[in-house]
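Protein chains in written order, with numbering that gives the first Met the number 0: chain V, 0 to 247; chain S, 0 to 148.
Hints listed in this document are in silico derivations from the structure and should not be mistaken for laboratory results.
Among the hints, erroneous ones may be present.
Stated by the list, open to error - Here are a few chain S residues that sit away from chain V, every Cβ distance over 12 Å (derived from the structure):
1) E45
2) D57
3) F63
4) Y83
5) F88
6) G102
7) A120
8) D126
9) G132
As the list claims (entries may be wrong) - In silico lysine-lysine, DSS-like type, Cα no more than 30 Å apart, as pairs:
10) V:K23 - S:K123
11) S:K123 - S:K33
12) V:K23 - V:K6
13) S:K43 - S:K59
14) V:K23 - S:K138
Don't be surprised by glycine CBs; every beta carbon is placed ideally from N, CA and C.
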Amino acid sequence: MYRDIVKKTTQAVVMISCPDINSKGSGFIISQDGYVITNNHVVSELKLHQGNICLSYSSNIIISINGTDSPGRLVIDPNGFPPVVYDYAILKVEGVNDLPFLELGNPDEVMPGDNILCLGYPLDFKDVIVTDGIISAVLRRPSHINSLHQLRTVVTNAIIHFGNSGGPMIHADSGKVVGINTLSHELSDVLYNRLASWCQHPGASDFVLIRDIVKYSLKYTYVGFNHAVSIEHVANDAAMPNLKGGIK
Amino acid sequence: MSVLMKDSYIFVQPGQKAFKIASNFTNYLEIGAKGITDFYLEAKVENDEFIFNAIIYDPKSKEFCRIINNFPEKSEFRKEMTLYGYNIFSKTGELLLGIEAQGEICYLKGKIYSANGEVVAEGKDNDYLIYRGPATIGKLGNSRGIVFT
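Generate coordinates for the entire structure from the input sequences, incorporating the hints supplied.
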């Protein structure tokens with residue numbers, strides 16, 4: 000039923016691993032020259048630093064494109080763009096110019112009842128796994144890290160697991176990306192047990208931002224982890240105790 | 000590269016009762032694991048009240064004291080009421096756990112020690128810093144917020 004779309008899109012879905020923070024997830028290529036979107040929580044971890052909570056980014060991001068590993072760079076200038084409230088990040092693979100990529104759709108046109116596909120590398124699979132479902136709801140809910148901010152969210156019955164994070168949700172009609180696989184509630188709430196997966200649903204303006212970042216190669220692209228709040232930079236990463244945490 | 004996470008509201012909204020923990024606001028804090036670690040602190044909001052349960056350790060007298068629903072089990076650990084909360088002192092007069100509610104925000108003071116005398120968490124400058132886990136910051140139903148193992 001979705002054979003053509005799956006065939007077209009799987010080539011642009013990547014596996015992301017960060018061995019230094021023991022993290023693994025998925026992502027998708029959005030430009031021929033190697034821009035990749037994933038979840039921020041795939042490329043970062045939480046630590047305690049001098050009593051405070053610290054978001055620490057991986058310094059060893061490996062992006063696996065069709066089985067070939069390439070180093071990835073977090074496209075970020077913390078002194079530039081004000082952070083926004085979504086859990087996504089933009090990465091770049093250098094030295095490439097002919098990669099297959101996914102088109103970003105118009106999230107505002109997504110409606111409950113639409114068919115969608117979730118793609119990614121869940122669990123320990125080395126191949127792209129495709130699940131399908133419908134959009135169960137499009138809503139706003141408090142961010143999973145900062146309740147002060149509401150996230151546009153798509154709820155779907157398509158199953159996603161650990162490792163799907165950062166992969167694309169694709170509209171089954173257009174073949175374009177309409178969300179980013181983010182959370183699964185199967186462990187946390189009986190009501191949602193194996194029923195609901197949460198996919199971030201960036202607004203059209205966010206996709207415009209992403210397109211601009213890619214088009215103009217903007218240097219400042221901090222767009223992750225839901226804190227539209229004040230942040231400070233920690234001067235000395237080396238002093239960080241090895242106490243790791245995460246969003247559960 | 001790392002950034003500090005500050006001023007996030009973890010499972011709580013502005014205007015709701017919250018604890019200030021590690022520069023963020025939350026509805027729940029648990030430090031230590033019940034029956035496993037030799038230190039324990041649980042701070043929660045129940046029936047619109049700030050409730051604390053803890054096992055606090057005084058490294059000088061080498062004595063433990065359980066705090067159950069804001070009350071110390073042993074009278075040697077003195078509880079002193081203040082205008083906006085209370086303080087619990089060790090035998091030697093050290094502040095081990097202090098609570099101060101300013102509006103809807105509850106600030107924690109004092110020091111939580113492990114049995115080997117290590118400071119696990121402490122109140123500093125109207126903030127409460129956590130130095131080691133396990134710790135959970137924020138809880139809603141079965142969902143936990145930020146978890147350090």
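Here is what the structure says about each hint:
| no. | hint | result |
| --- | --- | --- |
| 1 | E45 | 19 Å, holds |
| 2 | D57 | 21 Å, holds |
| 3 | F63 | 23 Å, holds |
| 4 | Y83 | 23 Å, holds |
| 5 | F88 | 22 Å, holds |
| 6 | G102 | 17 Å, holds |
| 7 | A120 | 8 Å, violated |
| 8 | D126 | 8 Å, violated |
| 9 | G132 | 6 Å, violated |
| 10 | V:K23 - S:K123 | 36 Å, violated |
| 11 | S:K123 - S:K33 | 25 Å, holds |
| 12 | V:K23 - V:K6 | 24 Å, holds |
| 13 | S:K43 - S:K59 | 28 Å, holds |
| 14 | V:K23 - S:K138 | 25 Å, holds |
Hints 7, 8, 9, 10 from the list above are not met by this structure, while the remaining hints are.
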